[in-house]
Structure formats: C-alpha cells, structure tokens
Amino acid sequence: MRQNDVTYQLERFGLVIVWLGFIALFGAMRPDTFLTWSNFSTIFGSEAVLVIVTLGLIIPLTAGDFDLSIAQVLTLVSMSTAILDARLGLPLYLVLPAALAIGASVGLINGAITLYFRVHSLIVTLGVGTFLHGITLWIGNSQTISGVSPILMEWVIIQRLWGIPIAFYYAMLLALLIWYMLGHTAYGQHLLFTGRGREVGRLTGVAVGRTRLTAFVLSGVMGAVAGILYTGTTGSANPSSGTFLLLPAFAAAFLGATCIRPGRFNPWGSVIAVYFLVTGINGLSVLGFRTFVQDLFYGGALVLAVMVSQLVSGRRERAL
Amino acid sequence: MTGAAVPRLHLRGATKTFGGVRALDGADLVVRPGEVHGLLGTNGSGKSTLIKVLSGFHAPDAGRLEMDGRAVPLPMPLGRSEAYGLSFVHQNLGLLAEATVLENLIAGDHERLNSWRIDWRAEAARARELLAEYQLDLAPEQVVADLSPVNRAQLAIVRAADRVREHRSHGDAGVLVLDEPTPFLPQEDVRALFAIMRRLREDGVAIIFVSHDIDEVMEVTDRSTVLRDGKVVGSFETAGTSRAALVEAIVGRAVSTNRRVPALAEAPPIARVSGLSGDILTDISLEVRPGEVLGLTGLIGAGHDEVPMLLAGAGGRCTGTLTLEGRQLDIATLRPADAIAARIAFIPADRPRLGIAPDLTLTENAMLPRLGRGLWLNHAKRRRITTDLLDRFTVKADTADQAASELSGGNQQKLVLGKWLQLRPRLVLLDEPTQGIDVGARQDIYDRLAEVCATGGAVICATSEFEQLEAIAHRVLVFDRGRIKAELAGDDVTKASIAKACYEGAQVHAAE
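Those protein sequences? They're chains A and B, same order as listed.
Mapping of the first sequence onto the numbering used here: position 99 corresponds to residue 1006, and the numbering continues sequentially without gaps.
Mapping of the second sequence onto the numbering used here: position 311 corresponds to residue 326, and the numbering continues sequentially without gaps.
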C-alpha cells in the first residue's frame, strides 16, 4: 500500500533530504559564514515575500490556470503603498486595505477576461502583468520611493520572534491557511476538480467559472500581501521589485509539487522548495560564485521540477 | 466466389480477440477491381474491427491480406496503407478545419511530396485540376471551416481517392474505404457523395462502403458483405438481393432471451419530457414510470444519445420541459446543479473525461457530490464512506486513497455509478453505460440499476447495444434523425426486433 511504501515516503521527503544535504555541504565548506543563525534568520525573513508569491500562484495553478501577473501586482502594490504612505501621508489603516483592494481587482480583471473571452490565462495574465508594470513606472515616475512609515517596517522585518523576522511567520500563517483551504474545504476540492477533471466537476454541480474567478482574486490578494511585505522589508518601493520574483516562484511551485503531496501543488511543498532554492543560491554565493548562479539555479530547478514530475507520473502510468 | 479476375483486395481468416471476446472471427472479404462493396452489420458485429485491421490500427491475431494477388504484411505498418493502395475516410473525415483546401489536400501525402520543398504553385494547379475533375466547386485557398458539411465530405473523399487512384507501387488503382461518411448528411447531400463514388468506380477505384443505412447500400453498391458477431454471414450481389434478406442477414434470428425484467406495477409516470429539441432531436416527448427501465436507441446520428445529456443539464442549446415527480423544470436553462437538486443522476459515456477524474483519488471522486458547503472536511469519515461504497458497489480497489486511473474500466464505471446512486436519485440517466466493460462488471451494473427501480426510481438508458436493452429494458424507443420512430415494449424487446426496427424505418426516409 502506498502509505507504508518506503519509495513513496522517500518521494515525499526527497526534497527535504536534498535540502539538508545542501546545508550540510555548504556548512562543511564555510562553517563560519554559511552555517550561522544570523545567515539563516536573514534568509527566512527576507524570502518570506517569495514564499507568499509562490503560495499565491498555487491557487490558480491547482485550478489549471496560470497567473503571470502576480509579480507585477506585487510591484504595483508596493509602489502604491509607498506613494500613499510616504508621499501622501495616509495612515496605514487606509493604505493597507487599499493595497489589498488593488490586488483583488487585478485578480477580478484577470479572471473576467479569461472566463468571458475564453482566452488562456497564460496570455491574459502575461499582458495584464506588463500593463501593470507600465502603471507602476508611470505613477512612480520610474523611481525608487523611500521614506515608508517605520511602523510598517517594524511589523515586517524589525520585530523578531526567536531571532527570525516576523514576516516569516506571516508567510507560515498564510501557508497554514492555504493548506487548510486546499485540503479541508469544499472549495479546495472544487479547485482540484476544476484543474484535474473540469467536466466531471461541472457535471457534478461544481460552479467551475466561479471557482476559477475566486482563484484569480485570491492570487491577486496574495500578490498584494507580498507587495506590502516587500515595502516593509526594504522600507521603499522600486519599480522592478517583482520582476525577478516570477520565475523563482514558478520554479518553487513546480518543485514543491514533487514533494510532501507529490503530483499536486501544495503549500508546504512550496515553502520547502522556496527555502531549498534560496539556500542553494545563498550557499553558492557564500562560496564566491557571482550573481549568474541565480538564473542558473532558478531556471534549472524549474525545468528539472517539471521533468521529475513527468517522470513520476509516467512511472505511475506504467505501473498499471 | 472470387470470379474470373484476381480480387483487388482479398482478406482471409481475419481474427481479433479483445480480452477473451472475439471481435472478428475468421472473416473473409473479397473486393473486386472497380466495384463498390458494402460492409454491413450492427454495432459490435466486427465491422469497425475489420476496418481497423486494414488501416493498421489493430494487429490481427490471424489472417492474411492480398492486394491484386500480392501479399501485404499484417499488421499493416501504420501510415503505410496508402503505399499498399488502401486509403481511408473515417466518419470524422480527418480534415484540419483551420487549414485551406490545398493544405488539406497535400497534408500527409508522403508518397508524392518532397518533404524539403513544396512547390505551392504546382500543387495549387494540381489541386484545381483535381477539384475540377470531380466537379467540386471549391478553390484551393478556401478555408475548410467555411465549407458546408457535404463539401467537406466530398473533399475528404477526393483527397483519399487521389492517393490510391494510381496505385503507386504497380500502377493499378487501389481501394478506398469509406467508413460511415453519411449519417450526419441530409438526403440530397448523400446523393452528391454517391455521384463521386460512381465517378471513382469508372476510374477503376474499388470502394468499401461501410454504412448503417441499408437503403444507401442498396442504392450505391454492387456487392455487399454482412458481418454478425465477428463472422461473415455472407456476401451478396446487391442487385439480386431483397432488402428483407439483407435485414435478416444483419439481424439474425436470435431467439435467446436473457431478460430478467421485473413486472411493472400500474402507476402514473414519475417523469415526463415534452417538446425536447437539441442539435439533432426535434420536438420529442416521452414518459417513464416508477420502476421502469426505458431504453433509447437508434443508429448513428439518430439523436437518442442526446437525451440523457440534455435532461442532466449538461448539453448545449436546447428547449423542452421535464416534469419530475410533479416538479416542472425548464430544460433550456437547466444546470447540472439543478438537475442534481431535482434528484437526477447522469452517468455519461465518455468516462475518462466526463465520468471520472483519473488523477484524483477514489475518495475525492466518490465524495464530490457530497461536499456541500463543507468548511471542514472530515477525511476519516470521507474515507470510511468511500470504503463502504466501494464495498457495496463491488469495486475492486486496494485503498480509497489510490488514484482512479489505477482501476480497470469496469471498476471505474462501478465507482461512477456508486458516486451517483449514493444520492438516491429518482431518475437515473445513462449514456452507453457499459462501453469497454467486461461481462462481470456489466451484470453488476444491471443489478444496481434494478435496485434503483425496486425503490420506485426510473432509469433512462441510451445505448446502441441492442443486447443490453434486451437484458434490462421494459420499453425501448427507437430514434431516427432526431425523432422517435418506433416503440417496443414487453416481449417485443429483443435484440432482433430492436435491430429490425432500427434498420427498417430507414425506408420511410428514402420515400420522403
């Protein structure tokens, strides 16, 4: 049976094992710089934004849709937050809801176009994302905006719990929520059937269109949360902040789908995949490799992840 | 039997077994040069298996094939049939709708084209010549999607004929196989296809014409071969054979009856459908009583298979009303969720796409209709209910957590049945419920349907398997081109009489 099967357990925790192997390897080579608590707590805190973007992605991915605009939602929200807060001096209790509303409306637009015009979400969100980037450059005058309220920074990156910035715990809380939503609610099952058996779902009464629309709105909101945390982490907003997060997030989402619950996009797998990728890059840069390792690592991981998942599903088919 | 000349195509002793069932049992087929040869038989008679052996889709267990007296290897190497002088037009025609006439004409013509360079100007001229030769009013640059259905069929036939007209290996014309190209065409368009077929015959091309429609076969063929239960019943000179003799050869004189249909109590109908129209269906009405199994059948393109889909709210554009236990539902606006709320269950034909999500677990599949608003799914309970369901519906599975794709077809279908019957539906709609399912599982499915009837529910089952209707149906409605043309009830529900009703009514159309 699957549950007791050693190979299945190895598959589930394979990525964790490789991750620990990486840590051991880099730790052995650079014990005094890599293997320090401050290095790790920095990684955990600063990459919370990437975790949240990845978590946002897996919701539409489960329903069979891509949201390529999520990184630009992050950038736009980050820029809007900075402008509303630093330039216009609005209080945070107005700025934060406005920021979330921006994310939700972008999701609504993505979903509406995808569903109404029956265009593939890959194309819709690619276009919408670029459009959003244009808006970001426009409203921010292509400049970095700093001077964000210290309260925001205080509650994102300065406050620490057991030495790790509080942003990390926000990400874990969201992972918990999404884990619950995907695994333990009717909506999670609706998402799953929408992605993996859309017609079966439709014939069994699942409102497939509404499920997809909701997924887009949720990923928009997650993008907005990530945008707020990004602004809080750096204390400023720059017009290209999200651009470099899209590929890592996809790599982590697909890599995450090879572990914990292999064959499905799952939040804990995503979290592990993000920290696995970041640890690898951090370790390599501690060893003295230059920035190009980022692209090698993220790009390679994305392709490797989809290859592995194809191999795994192919093996299952052959095992019949 | 072969006559004076060497037959163009000679298939001997073709045998093919699928999981213990003989789909084709020592079948012989002789096609003479330049004749139109009809191939007749009911569903499951082995017609399509025979065609698939010729096209190389199936490898036969035994059998030999000769073209013009030369041995051709079996299994036919895939994609090489044209080189041996055999070309096919299947029901879907195999045209690419977004491409032009010219692109479709040259697509896949590996025998002739240079794959490194296409001379478009020369090809267009050649296409124009070909179209003119068969008096097709088409231009090479027209897009196929814009053509009428009959033009598309003509194009597909001319394309296939062109590939074998001059048999490239030794100069003779080849054999063109037309596999049910007509069921969705109106009468006058069928005539247009026949005109092309006669033209080709004059050019020496032999044609195998597969059809359900005896009148078409009588009209256009020179000879015909009838298959039943995988065996060749006989070959006939069409002109010297009566319609009745052909019908009898197709249908046989089965006397066996394995009917185990319980008696039906007098009761008012539980469900009534009126004025139902869809893609093919035109204004049909029917009713079904509590405890009744109503069978819907017909030949290909008759529209009987539209009924379950439309009544479940799963189909496209339609009109009509359904009254179920006194509640009136408008079929045009019916959504699957409304149908489920009205206690209707629909078990579709296309299992891997519509019936089951193969990647997901048995539990997920079985519990989908019972999610409700669930904000806290109790996994232990879901698994327990599913395990119990697998047990009750005799689904052979290792665990409720395995992927549905790991089950056999029969067990998948039993799971789908369990998923729906656990909701205790009052009206169960089925479309080809036993497609690709072994005999044992079939019986299990029939038993479950009998349970629905025993509790006062009703079953509507659309199928083209007459045997199945004989086994389970109280009453059968026979459809033809969107209308009900015959009703059989009680002892008249036999495989033979259903088949007879299907084939005979066609005469009415010929007269129309």
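Keep in mind that the hints were calculated from the coordinates and are not lab data.
The structure displayed is predicted, hence computed values, not measured ones.
Beta carbons: idealized from backbone N, C-alpha and C, even for Gly.
Incorrect hints may appear among the rest.
[What the hints assert, rightly or not] Ranges between beta-carbon positions, derived for each pair:
#, chain 1, residue 1, chain 2, residue 2, range
1, B, Asp124, A, Gly1207, 35 to 45 Å
2, B, Asp345, A, Thr1150, 20 to 30 Å
3, B, Gly341, A, Met1088, 51 to 61 Å
4, A, Phe920, B, Asp244, 49 to 59 Å
5, A, Gly1207, B, Asp413, 51 to 61 Å
6, B, Asp365, A, Val913, 30 to 40 Å
7, A, Ala931, B, Ser130, 34 to 44 Å
8, A, Ile1030, B, Ala352, 27 to 37 Å
9, A, Leu927, B, Gln458, 31 to 41 Å
10, B, Asp365, A, Asp912, 44 to 54 Å
11, B, Asp345, A, Ser1012, 29 to 39 Å
Verification of the hints:
1. B:Asp124 x A:Gly1207: 35 to 45 Å: Given range 35 to 45 Å: holds, Cβ gap about 42 Å.
2. B:Asp345 x A:Thr1150: 20 to 30 Å: violated (51 Å)
3. B:Gly341 x A:Met1088: 51 to 61 Å: violated (40 Å)
4. A:Phe920 x B:Asp244: 49 to 59 Å: holds (55 Å)
5. A:Gly1207 x B:Asp413: 51 to 61 Å: Taking Cβ atoms as reference, Gly1207 of chain A and Asp413 of chain B lie about 37 Å apart, which means the hint is violated.
6. B:Asp365 x A:Val913: 30 to 40 Å: The hint (30 to 40 Å, Cβ to Cβ) holds, given that Asp365 of chain B and Val913 of chain A are roughly 38 Å apart.
7. A:Ala931 x B:Ser130: 34 to 44 Å: With a Cβ separation near 54 Å, Ala931 of chain A and Ser130 of chain B fall outside 34 to 44 Å, so the hint is violated.
8. A:Ile1030 x B:Ala352: 27 to 37 Å: holds (30 Å)
9. A:Leu927 x B:Gln458: 31 to 41 Å: 54 Å Cβ-Cβ, so the 31 to 41 Å window is violated.
10. B:Asp365 x A:Asp912: 44 to 54 Å: At 32 Å between Cβs, range violated.
11. B:Asp345 x A:Ser1012: 29 to 39 Å: 35 Å Cβ-Cβ, so the 29 to 39 Å window holds.
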